[in-house]
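**Student:** Please put together the full structure from these sequences, using the hints given.
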Amino acid sequence: MRKMSWLITVFSMIAILISACGGGTPTEAPTVATEAPPMVTEEPPPAIDITDLGGMVVTVAVENAYPPFNSIDQNTNEAIGWDYDAVREICKRINCVPEFKQAAWDGIFPAMQAGEYDMLADGVTITAERDEIVDFSIPYVTVGQVLLVRSDESASLDEFQADDNKLVGTQLGTTNEIVAKEYFPTERIKSFEDFGAAILALISGDVDGVVIDNVTGVGFMNENPDKLKIGGQLTSDEQLGFVFPPGSDLTAAVNAALQAMIDDGTLEALNQKWGLVQ
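Numbered as in my numbering, the sequence shown ends at 284 without a single skipped number.
Hints are computed from structural coordinates only; laboratory data are not their basis.
No experiment lies behind these values; they were computed from the predicted model shown.
Among the hints, erroneous ones may be present.
Said to hold, decoys possible - With a straight-line cut-off of 27 Å between C-alpha atoms, the simulated DSSO-like cross-links for lysine-lysine are: (1) K98 / K235; (2) K172 / K196; (3) K233 / K196; (4) K187 / K172; (5) K187 / K233; (6) K235 / K279.
**Tutor:** In C-alpha cells form, the structure reads like this:
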C-alpha cells in the first residue's frame with residue numbers, strides 16, 4: 007500500500023511539472039473592457055414662455071372693411087374674418103379677453119402710438135417707417151399687391167398702365183397707395199377712406215382698377231361674384247403683422263402665442279380657412 011501511495015505521489019508531481027512547462031492548450035488573454043465614449047445629445051430647444059395675462063381685457067382695433075381679415079357679414083350683421091378668429095385663438099392661449107372696436111384707418115397709427123388701443127388687427131404691412139412709431143408682432147403671412155379690375159376688362163397690365171384714361175383707386179395712407187404711385191401717375195390715382203368705397207367705385211365705373219393686397223382682392227371678389235378679377239401682380243413680398251403701442255408688454259405675449267400657433271399648425275389652418283394662402 008505504501009508503494010502504491012508513493013507511485014501516486016510521483017505521477018502527480020510529473021503532471022504538475024508538465025503543466026508548468028507549457029503543456030496543454032494555450033488560453034487567450036482576457037479582453038480588457040474599454041469605456042464607451044459619452045453620447046453626444048443635442049440641446050433641447052428652449053421652451054416658449056406663454057404669458058398668462060390673467061383674463062386681462064385687450065382692446066383690439068379693427069376696420070371691419072377689409073375682407074377676409076375683418077368685415078361685417080351682410081346676412082347676419084356679425085363681425086367676421088381672420089382677425090377675429092386669430093385674435094380669439096391668441097387670447098385663449100395667453101388668457102386674455104379681446105374687445106374688438108371698429109376704427110377708421112385714417113389716423114390709426116397716431117392712435118396706436120398714443121396707446122388708444124392695445125392692439126391693431128387689420129392686415130397691416132410691416133414697414134420700417136411704421137416701426138419707428140409703433141411695435142409689430144412677428145409676421146403671420148406674406149402677401150403681394152395686385153391690380154383688381156372689372157371682370158370685363160380686356161387690357162393687359164402694360165396696356166392698362168399706358169392708357170392715360172384709366173383711373174386707379176386705392177385706400178388713403180396705405181402701402182397700396184404707395185405702390186399705386188410707383189406704377190401710375192399721381193393724377194390718375196383716386197384714394198378713398200376705405201377699400202369698400204374704392205371697390206364700389208370700381209364696380210360702378212368711377213375708377214377702372216384698384217391697387218390692393220392679393221388676399222383682400224380675392225375677398226372682395228368673393229363678395230362680388232363675377233364682377234371682379236385680378237388684372238396683374240404688382241408686388242409679392244409684404245409681411246403682415248399685428249400692431250401695438252411702442253413698448254407694449256402685450257407684444258411679447260402675442261408673439262409667443264403666434265409662434266406656438268405656427269409650430270402646431272393652427273396658424274396655417276387659419277390662413278387656409280380664410281384664403282390667406284392657397
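**Student:** Hint by hint, say whether it matches the structure.
**Tutor:** Here's how the hints hold up against the structure:
1. K98 / K235: Judged against 27 Å, a Cα distance of about 37 Å means the pair is violated.
2. K172 / K196: The hint holds at about 11 Å.
3. K233 / K196: Holds, at about 20 Å.
4. K187 / K172: Holds - the C-alpha atoms of K172 and K187 are around 14 Å apart, at most 27 Å.
5. K187 / K233: 25 Å, holds
6. K235 / K279: 21 Å, holds
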